[in-house]
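Peer 1: One-letter residues, chain by chain:
Number of protein chains: 4
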Amino acid sequence: MTDESEDEGEHGHDHEGEGEGESEGYHEPDRETFSHDPVGHTEVRAGMTVGDLVEQYGRAGLGAADVHEAADVTAKMFDDDVTVFFGLAGAMAPTGMRRIVSDLIRDGYIDVLVTTGANLTHDSIEAIGGKHHHGEVHAEGKTEREHDETLRDEEVDRIYNVYLPQEHFADFEGHLREEVFPEIEETVSIERLTRELGRANAEVNDRKGIEEDAGIAAAAYENDVPVYCPAIQDSVLGLQAWMYSQTTDFSLDALADMTPLTDRAFEAEEAGAFVVGGGVPKNFTLQTMLVTPGAYDYAVQLTMDPPQTGGLSGATLDEARSWGKLEKDAENVSVYADASVTLPLIVAAARERLEST
Amino acid sequence: MTDESEDEGEHGHDHEGEGEGESEGYHEPDRETFSHDPVGHTEVRAGMTVGDLVEQYGRAGLGAADVHEAADVTAKMFDDDVTVFFGLAGAMAPTGMRRIVSDLIRDGYIDVLVTTGANLTHDSIEAIGGKHHHGEVHAEGKTEREHDETLRDEEVDRIYNVYLPQEHFADFEGHLREEVFPEIEETVSIERLTRELGRANAEVNDRKGIEEDAGIAAAAYENDVPVYCPAIQDSVLGLQAWMYSQTTDFSLDALADMTPLTDRAFEAEEAGAFVVGGGVPKNFTLQTMLVTPGAYDYAVQLTMDPPQTGGLSGATLDEARSWGKLEKDAENVSVYADASVTLPLIVAAARERLEST
Amino acid sequence: MTDESEDEGEHGHDHEGEGEGESEGYHEPDRETFSHDPVGHTEVRAGMTVGDLVEQYGRAGLGAADVHEAADVTAKMFDDDVTVFFGLAGAMAPTGMRRIVSDLIRDGYIDVLVTTGANLTHDSIEAIGGKHHHGEVHAEGKTEREHDETLRDEEVDRIYNVYLPQEHFADFEGHLREEVFPEIEETVSIERLTRELGRANAEVNDRKGIEEDAGIAAAAYENDVPVYCPAIQDSVLGLQAWMYSQTTDFSLDALADMTPLTDRAFEAEEAGAFVVGGGVPKNFTLQTMLVTPGAYDYAVQLTMDPPQTGGLSGATLDEARSWGKLEKDAENVSVYADASVTLPLIVAAARERLEST
Amino acid sequence: MTDESEDEGEHGHDHEGEGEGESEGYHEPDRETFSHDPVGHTEVRAGMTVGDLVEQYGRAGLGAADVHEAADVTAKMFDDDVTVFFGLAGAMAPTGMRRIVSDLIRDGYIDVLVTTGANLTHDSIEAIGGKHHHGEVHAEGKTEREHDETLRDEEVDRIYNVYLPQEHFADFEGHLREEVFPEIEETVSIERLTRELGRANAEVNDRKGIEEDAGIAAAAYENDVPVYCPAIQDSVLGLQAWMYSQTTDFSLDALADMTPLTDRAFEAEEAGAFVVGGGVPKNFTLQTMLVTPGAYDYAVQLTMDPPQTGGLSGATLDEARSWGKLEKDAENVSVYADASVTLPLIVAAARERLEST
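Residue numbers (UniProt numbering), protein chains in the order written: chain A, 1 to 357; chain B, 1 to 357; chain C, 1 to 357; chain D, 1 to 357.
Some clues are possibly wrong.
The list treats identical chains as interchangeable, and a pair is accepted whether it falls inside one copy or across any two copies.
[Unchecked claim] Computed list of lysine to aspartate or glutamate pairs in EDC-like fashion (alpha-carbon distance at most 20 Å, straight line): (1) 328 / 154; (2) 328 / 155; (3) 208 / 107; (4) 328 / 149; (5) 328 / 153; (6) 328 / 30; (7) 76 / 37; (8) 76 / 107; (9) 328 / 32; (10) 76 / 327; (11) 208 / 178; (12) 328 / 206; (13) 76 / 269; (14) 328 / 136.
Keep in mind the hints are simulated off the structure, nothing from the lab. All values derive from a computational prediction rather than experimental measurement.
Please put together the full structure from these sequences, using the hints given.
Peer 2: Put into structure tokens, the structure is as follows:
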């Protein structure tokens, strides 16, 4: 603090210089909160890299500064001997963020994945050759309501501006019944099911020569990254698992994953949480630290929900600190903006820093 | 449409009357989209009832009109032979909305409850004599971060502007181990656990003469309302269940609840969804209709998340229609505002309409 | 602080009693941040008044607590010898909040009004017999874009879910040219124009026997409440003023209002700011205190914009304190929710408290 | 439409091929709304350019797709013979977006600027050697409220996470009184004042050899870009103008700018609106087209406010179409995310496309 005060003094002096005596006779008040740290102005130019852009964000304030800091914390989290727990909420896989996550797994940046049954369902549909499609929130010739009524008649499901023809669910059901469920004729952990799903997705993707990559579950299977999915019932994958359980000995133990997950958190020398969106993936990723002596050393969340309503999805990471989910000296950043924009931005910038040398 | 056009013509005439010839020579264009439906202006007065206020909202546009419509749909949903599925997301029980829900259950307005482990945890803590407390997002003398570091030292957990001293979790653990778990020494459905929890909460609340009411789980138990909690692992209740399962034969079957839940949806003559917040409670409530031939006839959601980011929590109910979760002719309203404000407002107005006669 | 600590000690004791020894051997940590202040649970019943409901909000946390506190500060602001500056942003008058504001002016609760040219335009249209109409964001048979294309063909302007047939602008133009502008054939202050507008609105409303009340500008005129409108050019009223100025000696002095406004702030013994929405009305209301030695003693803002993006409209009132716009010990509350819902709620509750005795 | 149906048929065939008979016996429903347009998945890699990233966004859905489309429309707007009206709301200049705008003006991409007095104030402060500083929303050792109380004592103003020491306002006042006001001793248009300000900023910046660039007003002056500022009173610049007017013949005509602005809109062969934030700059930019026969052919808005509250700042550009502010066939995109992130992203991508050849 003393150093900063001196520093401040010097800058104060500089400032007078800059002001060229216009404030003559002006006595600057004692300033302890304020310290000299000028805002620069973001400059952009044709052909700059994403890493350059994110550096430029660091000169500015507002959310731009948060994106810069998030890239910084992400690079630290990805670079060191940090065990990275990655939380991925619902609509990210079907809407175009699938490859970013599967590439991060393949390149060893993610150690544990917590996600939703919906993401695994849509990830698998693409692994076996199905496709999501660009669509419209408001279609020509219809209100949103009429639009959705028509889509229902056309047997097309809508996820904001993305469509999924429903026959892909039938294909997915066939995949589960032929390639996944036969391997598990007993009560197993949810992680065992997601592992078999990843294996089957990888096999079918390869066997059929599907153009799209095998995806998140497959990458996790091939890289020994466990995939946890606490609310699996809350998805088409869960509905299919339930229907299969009706006629076989198969079922899922809701509690069995917590021992290996907790062990992983326990063993981590340093731990990082990278959380995209809210809901169960966010809370479950953070909660893991409740039953271990440690807590997260790094945390980045990309959230689309506001903090001021008090909901968990938009809650700050500082709030998580009161529960002991983050270390008191953890480096943590929340970015309040559309995650489909900020996730690629931050991952590209972190990769540029880590891989460019 | 013809009727409306005629209607329009008349109103057009009225309008010319109002304008007193100022627009003389003016030829009104053909108007099919527009029809005469004047906005009134909301009037308020000292001592008006909540029902009066909500009627006044109906005169205005913007979100006020949505609140009015939501009260209307809620009254229909609560009044008729409608099976009501109520989804209750995370922070509502600890922050003051517990009694509204338990009263709705007691008065027979809710038939099926879908909620989170967090709500059941905090509901139970109050049932057995613990209390949440008003707190601060920003405490005197500290940043949010320092504030939360201090709370950690003081062993107090923060939920936005609400505090919970951590010893209540120890009390809750004792309650589970003494009153709840001993009754279930095998693998059971999650609903079976929430039912035993409700029973135990009711018993202890009564035995100890706790001032606060026995709460949501207890009211559900006493009124045969099943409580579904798909992501139970994602809560302190789930953590305790896991720890208990380590040393006993107790465990939870993740899929076992889906048969009775689906049967209930199947049997409903008319079905309504009242969804507070997003996440798993919202999706699971809506998903239930995916495996039945029917769909919701009424739906109200009070959400705090914006629709334009594409996340499920803020998604419109029309989007749910494309999936077949709502009937094509369902009456549905989304209210985009803080649910801690709109839930009491809408329930009070609906009750005034239903119970005042 | 000592008192509170003692208080805390007692409550701690109470708490042990509540816990009935379940935490035996438990040593509560030193707690300075936390103090005993139990959250109650909001109860609602058929026929309760709005004041009752707002009292019940005060038992809860989250935004409900903010609404309760806002009603409290509003009652203080309205009750005492406080000069109330009321900022009213754009879409409020046409969408149904016109009467609440005109009634507040008539009943003496507002001393200075800062608003937009848009609000004055739409307020005047209704004063002279025009009407806004309930409309649709998404019309039957069209996307939002097609809907708006059709409305353009039909010569109907849309304000979210409210329509305005364009011929009302012609009526408004006639009103200005016949009743307002002839009175001012020189360069005047903007407030002089809004005053003449209020006079004319009141006269025509009365003369024609218009059913709707004469509105905000008229009430302000009749109660000697000045109406400031810094960005008047940015409205249909401003466009009309400009067109009139082309052929006459009429014009508007952009700076002339600042002396009487500043004088009013200067003379206020106590000052309160009630701000609905953001933009110029918010900033100008707050800025007024920059050039006086005093600052606001009370402030309530009902904002629909999030604070985390750094925009002024969603900025906290604490931020305004750093600029000296609020007294350091001012009572201030920000309510983050749809103002068309919260304005009637808070005004009704404040009136109930002030007028029920 | 026929073409698309055929196209769909083919894709349907492809799809069956992909599905390898798993849906055998499945009859695809008639699909007119849905058409084959697969979502790709955004890929990122170290060292990619911003243009590459924005191309990748185009493969995804959600907000990423909007950023891609916005870059596309921006490139068209900047490239062709389009007159570009640029609206710049409040906090952008002091928080780090000043250079992006001044560079766009220098490179000829902007023809007319509409902004706030606040932006011009903060832009000028930096032109003459003052600086804004990185700061904290929550400072160490304080609540937000205490933090802002302390900043007040320290004479530092806060704009979200940016600080401005108040002596810079004194320097700015000196600048106005010495370099700007003496040139205008009569009633002038607001644009005349902003032009003199730009001239003075450029001169002083050059004379003193200030490291930071001369900024937005200076660039506009040097490139004959008019700067309109309807609510100039609502800023420190306006307060200073008012104080100067008290003792001189200087004043500002609120209506005088509307003729040249409207002429410019009238003469534009094609017109584009690029709007950053809401408020008066957004509305005034759009309103300009109300009094001309034409309307905008291109429009991009980067807004931080939600549309569902009905406020103008978050209103869709389609709504503006109902008023005739946009051509019916205009290309328009709204990006709902933090503008300090999206403005640099979109400008860099548009420049890469336009300048890389």
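Peer 1: Go through the copies and call it for residue 328 and residue 155: within, between, both or neither, with a Cα cutoff of 20 Å.
Peer 2: between (51 Å within a copy, 13 Å between copies)
Peer 1: Have a look at residue 328 and residue 136 and pick one of within, between, both or neither, based on CA distance no larger than 20 Å.
Peer 2: Classified as between; 19 Å across copies, 45 Å inside a copy.
Peer 1: At most 20 Å between CA atoms: does that hold for residue 208 and residue 107 within a copy, between copies, both, or neither?
Peer 2: neither (24 Å within a copy, 52 Å between copies)
Peer 1: For residue 328 vs residue 153, is the C-alpha pair at or below 20 Å within one copy, between two copies, both, or neither?
Peer 2: between (54 Å within a copy, 10 Å between copies)
Peer 1: Checking an output row: residue 328 and residue 206, CA cutoff 20 Å. Within, between, both or neither?
Peer 2: Answer is neither: 46 Å inside a copy and 41 Å across each miss the 20 Å cutoff.
Peer 1: Using 20 Å as the alpha carbon limit, work out where residue 208 and residue 178 are close: within a copy, between copies, both or neither.
Peer 2: Within one copy only: 15 Å inside, 55 Å across.
Peer 1: How would you label the pair residue 328, residue 149 (within, between, both, or neither) given a Cα cut-off of 20 Å?
Peer 2: Cα proximity of residue 328 and residue 149: across copies only (6 Å, versus 51 Å in one copy).
Peer 1: Classify it for me, residue 76 with residue 269: is the Cα-Cα distance of at most 20 Å met within a copy, between copies, both or neither?
Peer 2: within (14 Å within a copy, 52 Å between copies)
Peer 1: At most 20 Å between CA atoms: does that hold for residue 76 and residue 37 within a copy, between copies, both, or neither?
Peer 2: neither (23 Å within a copy, 38 Å between copies)
Peer 1: With 20 Å as the alpha-carbon cut-off, assign the pair residue 76 and residue 107 to within, between, both or neither.
Peer 2: within (15 Å within a copy, 38 Å between copies)
Peer 1: Quick one: residue 328 to residue 32, C-alpha cut-off 20 Å, is that within a copy, between copies, both, or neither?
Peer 2: between (24 Å within a copy, 18 Å between copies)
Peer 1: Checking residue 328 and residue 30: alpha-carbon separation at most 20 Å within a copy, between copies, both or neither?
Peer 2: Cα proximity of residue 328 and residue 30: across copies only (18 Å, versus 30 Å in one copy).
In summary, the numbered hints that this structure violates are 3, 7, 12.
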